[in-house]
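Input sequences plus hints: build the corresponding full structure.
Counting from 366, one number per residue, gives the positions in the sequence shown under this note's numbering.
Source of the hints: derived by calculation from the structure; they are not laboratory data. On a predicted model such as this, the values are computed, not experimentally measured, just so you know. Just to be clear, a hint being listed does not mean it is correct.
Here are the computed lysine-lysine pairs in the BS3-like style, where the Cα-Cα straight-line distance is at most 30 Å [as the list claims (entries may be wrong)]:
id	residue 1	residue 2
1	LYS504	LYS561
2	LYS385	LYS399
3	LYS386	LYS399
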Amino acid sequence: MAEKERIRALRRERQIRYRKKKHDYMLSLEDQNKILREEIKDLQQQREALCAVLPKQANIWTVVVDYFNLFEHGLHVNAQVSVTSPPSWSDAQLDFVRETISPNVAFNSEQGVEALIRNWQDLSQWFQDVHVELEELDKSVEGSVIAATRTSVTISEQTLRYVFPHLCESSILSRARYARHLVGQRLVMPGLARFKWDGANQCVASVTAQSDMLAPMLRVLGTLEDVANVFELSRISLDFQWRRTTS
Numbered sequence: 366m367a368e369k370e371r372i373r374a375l376r377r378e379r380q381i382r383y384r385k386k387k388h389d390y391m392l393s394l395e396d397q398n399k400i401l402r403e404e405i406k407d408l409q410q411q412r413e414a415l416c417a418v419l420p421k422q423a424n425i426w427t428v429v430v431d432y433f434n435l436f437e438h439g440l441h442v443n444a445q446v447s448v449t450s451p452p453s454w455s456d457a458q459l460d461f462v463r464e465t466i467s468p469n470v471a472f473n474s475e476q477g478v479e480a481l482i483r484n485w486q487d488l489s490q491w492f493q494d495v496h497v498e499l500e501e502l503d504k505s506v507e508g509s510v511i512a513a514t515r516t517s518v519t520i521s522e523q524t525l526r527y528v529f530p531h532l533c534e535s536s537i538l539s540r541a542r543y544a545r546h547l548v549g550q551r552l553v554m555p556g557l558a559r560f561k562w563d564g565a566n567q568c569v570a571s572v573t574a575q576s577d578m579l580a581p582m583l584r585v586l587g588t589l590e591d592v593a594n595v596f597e598l599s600r601i602s603l604d605f606q607w608r609r610t611t612s
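What follows is the structure, encoded as structure tokens:
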């Protein structure tokens, strides 16, 4: 009987020692976790400090990705500003253009960063719910980067007045019919944009962009003849480029 009691006492002691050892181990793990969290925090602060001091190395790939991220929804349009006022640029967009786009950039058939700026202003001002998606990036033989895009816009009354003003002539019944049919339509257009990089100056030297407006307009209007009538006097082409008028 005494032997059994002794064995039970030994087991209890072992269990107590085991529980204490386990408890001490858990406390040790918690202490180590606290130390690790502090070290991670210190490393993050050091990384942020280094990023703030060291300049970013620009390259064509990161610039193109940032370009589409910043202009995914065009320019910011202030709802309290008249629709005839140009949309405003965010600080991030302006800084990006200044830092990564050449002042003499070739943009489609035009020259100068003003042409690129005007393109985004017109797109954001005269179409609703602009959404430009970057779908794929590839490199051409000569070294430029080609971006596959998908641009979505909604045609509004404002679009008709500026982009398709001839459709607002209610005296011509066919044009009025086109206008009624187009308002509220959502167009989704596949496209391509080509970016050429100036390695010496670390900036974009050329941008060529176009989107296929024919396919979605054909789905909306039904026939090529109707599409031709709508675009005959329009201020935009079927490859989604503005037709600039000379004064």
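Hints versus structure:
1. LYS504 <-> LYS561: holds, 10 Å
2. LYS385 <-> LYS399: holds, 21 Å
3. LYS386 <-> LYS399: holds, 20 Å
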